[in-house]
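So you can see what is in the structure, the chains are spelled out below.
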Amino acid sequence: MAARGTTRRIPEKDSTIACVQCDGLAVMKMVKHCHEESTSNMDVAQGALLGLVVDDCLEITNCFPFPKQQDESMDEDEYQLAMMRRLRRVNVDHFHVGWYQSADVGNFLSLPLLESQYHYQTSIEESVVVIYDTQKSSRGFLSLKAYRLTPQAIEMYKDGEFTPEALLKLKVGYENLFVEVPVTIKNSALTNIMMSELAELIPEEEGSKFLDLGTASVLEGQLRCLMDRVDELNQEAIKFNRYQQLVSRQQQDKHRYLQKRAQENASRVAKDEPPLPEEDITKLFRPHPVPPRLQPMLTAGQINTYSQHISQFCSQSLAKLFITQALQNAKEQNSSP
Amino acid sequence: MSRFFAGSDSDSDSSSEEEQIQRAPALAYAFSDDEDEVKRVVRSTKEKRYEDLTNIIKQIRNFKKIKDMSSMLSSFEDLQRAYLKAAPVIAKEENGQTPRFYIRCLAEMEDFINEVWEDRDGRKNMSKNNYKSLSSIRQKLRKYLKDFDESIKKFRENPDQPDDEGEEEKRDEDVDSDAEAPVKVSAAAKVAVEPTKDFDDDSDSDSWPSDSESDSGSSTDDDKITNMRDRFLKKTGPTQEDDEEKEKRKEDRRNERKEKERKKMRREDEEDGEGEWETVKGGVAIPSEKPKMFAKDAQIDLPLVINKLSEIIAARGKKRTDRREQIELLHELQNVSEQHQLGPAIVIKIKFAIISAIFDYNPKVSDAMKPEYWTKLLERMYELLETLSKNDNVVISETITEETENFESAPYQVRGCVLTSVERLDDEFTKLLKECDPHSNEYVERLKDECKVAAIIDKVQIYLERHSNYSEICRIYLRKIEHLYYKFDPKVLQQKAGEVTKDVITSVQEMEKLCKYIYAKDGTDRLRTRAILSHIYHHALHDNWFQARDLVLMSHLQENIQHSDPSTQILYNRTMAHLGLCAFRHANIKDAHSCLVDLMMTGKPKELLAQGLLPQRQHERSKEQEKIEKQRQMPFHMHINLELLECVYLVSAMLIEIPYMAAHEFDARRRMISKTFYQQLRSSERQSLVGPPESMREHVVAAAKAMRNGHWASCNTFIINDKMNAKVWDLFYQADAVRAMLTKLIKEEALRTYLFTYSHVYDSISMATLAEMFEMEKSNVHSIISKMIINEELMASLDDPTQTVVMHRSEPSRLQSLAMQLADKINNFVDSNERILETKQGNFFMRGQNQVRGNFRGGDRQNYRGGNQEWNRQRRDNRRQEY
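Protein chains in written order, with UniProt numbering: chain A, 1 to 337; chain B, 1 to 883.
One should not assume that every hint holds.
Only pairs whose alpha carbons sit at most 20 Å apart, straight line, appear in this in silico PhoX-like list of lysine-lysine [said to hold, decoys possible]:
1) Lys840(B) with Lys254(A)
2) Lys434(B) with Lys239(A)
3) Lys627(B) with Lys434(B)
Just some of the chain A residues that point at chain B, by a computed CB distance under 7 Å [said to hold, decoys possible]:
4) Met227
5) Ala237
6) Leu294
Simulated from the structure, these hints should not be mistaken for laboratory data.
Yeah, the Cβ is synthetic: ideal placement off N, Cα and C, and Gly gets one too.
The following block holds chain B by itself, in its conformation from the complex:
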């Protein structure tokens, strides 16, 4: 069956089956005729055995035709027996290789049995006897075939080989004397080649326009020829020199193929008169090693080359086309056209074809291409762009159809799109990077190509700016932005500091220009979104906090980012991460925290930033899903340091959470600000013995604990030390500034925490002492305390003459607040209890009254609560009046 499938994919199953069934016996007949002839000549043991075998095979074929399973089973058993008998002869004569006709029979039988087995209705309709035999023959055959696995596989690779004749011939040869052999061989070769040639011609002339069939036809006969040759070679040479022969064979095959090509060309030439094919006459000087394109005497002109090109392109994507050969052919064609100066348009056209052929070389889209092809691709791309920029009169567009292409005169028109090729190139580059191990030299080598890619993009940008419309310019701009946005340009900060003059163009300005163009001209939402995100990212990277924040706020992306595609969401996550880092550098701790909290809360920032897949349980992710997710991953050089991110997040959480915890120690409705931070804290509290901190998290937790007790100095040493410097802080561009900022913040928050925690033990604190304790400016302390007093976080007042803070003690003591909580709870409880009572007595006429009562009570309780608060305030007010 397979041989039919190889030829014509489009044929329906049923027809092919029929064909096979009919054809198998036909083959056998032809074969048997031969057999008779041979019989008459000689009879040796081998002859006898083979004859037995072939007879049985014939029988089997007959049975196959009438689907007589039981007889087939017995014949099959006979066949096995006969083969066993023949085994010594085979071993002697054929070097233990199973004769091909035998294998063919087995394979055919297998196909047949499978087919019958597959046909359920037919199976049901079978007689019981037949059915039994079918199942038993199926099992036996399967078992038996295991011994011939390899030879059958080999056979299936090219089942078309006319084994029977070959076999016959072989037998003939054996019979004949050795001296005669060469003559015979050549004769046989002639016989074998000639009919195939005919067949080839037929098929070509019949169905040339539909390429698929002709293609397959030619390739199969190609195979046939080579295989015949192999066989003959094998026979003439002794078996020991097998390897050499193999090489020779390969060479031969190659020659054969070239010949084939030549033949094809010639054929075309011959056929020119009939149809649309143009004749080419005249010789071309082509280096002899390269595959010959055109006939020696062909006159190369434009239409011919175009035809040739379309012929080559037509073979694209076919199963049996050799992709490498295609690339070579195209190169060849390019050389030819350049030699003959057929104009830039055709060269460009061919170059497009080469580029797409190189893209095609890789069969799988998800895999990266091979490095050698990658470099080739880069070169070709570069050349293409060079040619394009030199030839201004070539119009390239996707809107030009094949028919309207114009290669001949000045306003050349070529179908194609530079932009898509470049985009594809860029994607391939990313894939290539992802393929490499990021810690190897290979990655670095690959990464060096980025300059080239960027140069190509620049060229395309220049080209498109001259020729193209807005949408394409936007697309190429975005490509450029995507190569630009994650790169840090120290010049920006230097310019800010005034070290570099204003007229130097930095990447920020570049980004600004590109993005603004996209904002203004882009019609699709996606490009704009990505441009904005990249823009924000770039600003955040260069410490332009306010610009970045304003862009985020203006774009309103936070609200609808969840509706966009995954890669944009990833970009959003990356942007938020950098925005958080930027806010942290600017000491906007709250903003930093709120930027990072979404990323960190889930506990899988790695996945959210597409920097690697977390190992998951088997069922959560299917194979395809994993593949898709892998495609989304960022290449390593664009990664954001996760430890840095987490550390910044935890530290900012600590700076917010610890004072908050201290301030709201007894608040029943206290909410958590950062869940992740709480988890870290709690897990460390659960340990019975806490050792000195090792990891970054432990450091932060230890620092948080120190801060809780108001020890700013130890908190500071936990956060800023050699270990943490190496791990985290040195990763910042201006690490010292960040550290100074951190120390300042730690001092402030520690002071606040101290005041919250210990204010109840003081009647008054001298601000000078506080300033000394926290090594802060007195004015700073003053401002912090004032702020706390204004926000009613600290019940105290400042006494100016003595420079002290006087505590008011208006907040309830621990016991009092507990008692208040208890009262609250008991109130709730009484409520629910009374509800039970109500339903118990719940008569219909009582219900209305109850509700009224309930409402009243509720109102009452509110009053009570309100009164409570007021009571507090009143007391506070009283105090104020007192002081």
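Bound-form chain A, shown alone:
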């Protein structure tokens, strides 16, 4: 699967997939796998998605996890192929349409993710990566998001050049590395019927957990992560700044050198001597290596997602606080008379 596709021009506007439709079964399987992984060890869980493309809609009908432990005897590619072959025998869609990964409060953006998605998308054009946020889901917000690399990002990765100029030319920023594809979960009619039947059987729960006000601890964790990222980004900025200073100093040196040379040549011409030979100026002033901008870009993207999460969380918490205030008031009013 890692084989690179033939280089072809990717259209500026990506319109292969408009939406992702996910089967309830696949979702349940993903959720189960991710939670198992996150409770046992804090690593990320990954797996493959199976399904088919209908017009501009990607239907995910099934999935299977990748083996976690790095076993030397087992070839991962072979495992996937064998898995798909066997699933096909039991009449499951065997079209590989992408992969999923677990995440912890939006910290999924990373270099390996970018790399794998690049390989997926270059070999299977329609493939998506589905991110399932375990932390958030465990607090009651089901968070299932599908992402695709933008054509610019693919182009950037293909070039393998992460200089500021290249990024500028491609107009790639942290905000347009990935594009989110809306996900809908669809169950078959039979499942729906069973669900409603089950809902009747299960006794109604006391809604005690919905108004969890433990805002401080969650926010603390997120703030800490955010701080780390900001530190990283700051380091990168300092690095880049140093680079800039180096370049500017070199430019000045170069300029001075050229001027001196021109003067000398002028005086030589005046004395009817041959001008000095043109030396290779690039040899004298080797350009400094440009610090790659990919990592800062990814860090910026992470900061972005963190901030979004925090603001979202805060607005939700605020709403909750208002509700509790109202409840409290109501209770006091009830009790006072």
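Model the placement of chain B on the given structure of chain A, informed by the hints.
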């Protein structure tokens, strides 16, 4: 070559080579003459074989002379073949021993080949053929010599032995009938001895003043005589009785040597008329077993003894002098001089010589001397000092030269120095101790000698106080101090407690006296530094914390100790270690920590205190370096317990660090107080499963964890329990006092930690409850909390009527402080980002403006920060106003 080197070291290489080359053939000629004679007498198979061999050897020598390598190679091959042929005969006649002349030839050839090989220029100039032969003969010879390794070694030991003649004689003997043998032997012996005697005499008379040559000459001929004798003995006796013979031979050799000595004496006597040598006449009664000093009829008087002494001393340090014999001779001389009552000066002089001879007995300076010599040394030293103290009219000084020495009349003048001998003795004692296994009885036995050493030092001290100048007195005082400073004297503490009356002189007073003298009189910095350090050490050892601390502060040693020599630095480290322990006993935890932190931070206190070498990777330390470091090590009885040191350090680090950690939990710029302690803590946190503590470190870490949660009781049990008592606390002199102090401190610090950690969950705490929780006096709790409030560590106020602490909650919550940190960081980030932007647009005319802007912004930010702080304070102030 070796035989020349043995004789005259000073000869240049080239000359000796020449000599050898010339001499080898000469020997051969002489030898061949003999050969001819023998040929005429008898011809047996053995004769024939030997003749072949000798002929070939002769050829080889000739070739050697003209450096014809190719012919030499062929001759050598011939020689090998001839020897093979002769092998059965040799086996039969000589008991399988290779004849000596054959060995000599081989050895000479080897020397020659090596020499030629070494001479690179000569080798280059050689013809190709010769060169090839040279390399092949070199290889062959080397291979061949392996078979004769031992005999060649034996040969090289005394190459001067006139083997050829011996060999010839042997052959003669074999030829002759057995009955004739004894006569022959005696004749041969005469012949052999006589020329050597002549030679001996010659060499002696020629070059007596330059001792080295005469010495070597005499020793070699000595050897010769004995060896000749051996040979003859061997022949007369059957081979089975070899062992007996060997013993006999040894005895003979000894006799020979004695004879030699006697001869020498006599010779001297004979020569008296010629030069500066004095005649001695008249007999002396000397026990017959001892080596005879003087001729029987010699008149012993002062100059003679002095001469004899200088003769013996002159042999000192020579390669071939028997050091043990020297000591014996000196003893003998001493006896003689005592018998004849030649005055104390000469006796003292001889005693000095004996002591230095005993010192010399050990060839290596780095090794310790043997115990029997050590005891002898102690005795001699003691005797010397006795004599010195008895004879007040003897002046001993290094400034007196050999010429100005006066042994005859009352103001005796002797060259020498008691102080250096004693210092050397002391050093030897330390070496001796280091040599022993510290856990054996031997060490204890050795250590018992310290009393004697100390007594000697005391004696010298008394002597020097009477006779000597300040600098020497300072030196001997320092020696005394170094024997005193590390010893604990319980009397000091008893005196402090009033159990012992004031007039008892304790070691502290003694130290005080000695050190003060050194402070006042010493001219060199080193002695003073060491005295101060020892003084501090001694004070610290006896719990005189303030004196010790004041001395440290006054001396300013911390600033320049790194410029002093290693042993002083080690002493400094030891002093700091004890100062730390002393501070700990006095509950000055901060001082204890700062004293010990330098030692412990590096993680190798063992090396810093010179109590053992840590195993290191190979390249880090060379052999010499290791030797030097070994010399610096402290003897075991002066060691400081490292576990105690580490425990004290960790506990004091815990008592400082844990409250600090609790107080500054969210401080971004929190610094570590003790790195080592942090490491311990972190390594324990990294473990997934923490078992009950085993080692001392684990105990401290467990205690630290308990303290972090404010559990003073469990913290206390982790620090003070049977295990820790046995390991650490019982090592203190007043262990119970230390434990009580520790418990008190743990309670206090646990209370502080508790208040830091949990104050945010309280609105108010009753002090009575706190006192109950920590089992402390209420007034104590009150004072601790007041202190915290005054230092603005705790935002609270005391409410007197209800006896409660009311919390103010002015410090930011966890989330708030995090948010503030984040704001800080983002500010930094924005800064660096804007700098990037500036350089991007960095036009020349814009730069000035930018700088102004930057400055402005910087100022702004400061304002913002300042405002922030003020904001805090304001709020606090508001609160205060409220309450």
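Okay, the hints, checked on the actual structure:
1. Lys840(B) with Lys254(A): It holds: about 18 Å lies between the C-alpha atoms, which stays within 20 Å.
2. Lys434(B) with Lys239(A): violated (57 Å)
3. Lys627(B) with Lys434(B): This hinted pair holds, its Cα atoms lying about 13 Å apart.
4. Met227: OK, holds: Met227(A) within 7 Å of chain B, min 5 Å.
5. Ala237: holds (4 Å)
6. Leu294: Leu294(A) check fails; min Cβ-Cβ to chain B is 17 Å, beyond 7 Å.
Violation of the numbered hints given earlier is confined to hints 2 and 6; the remaining hints are satisfied by the structure.
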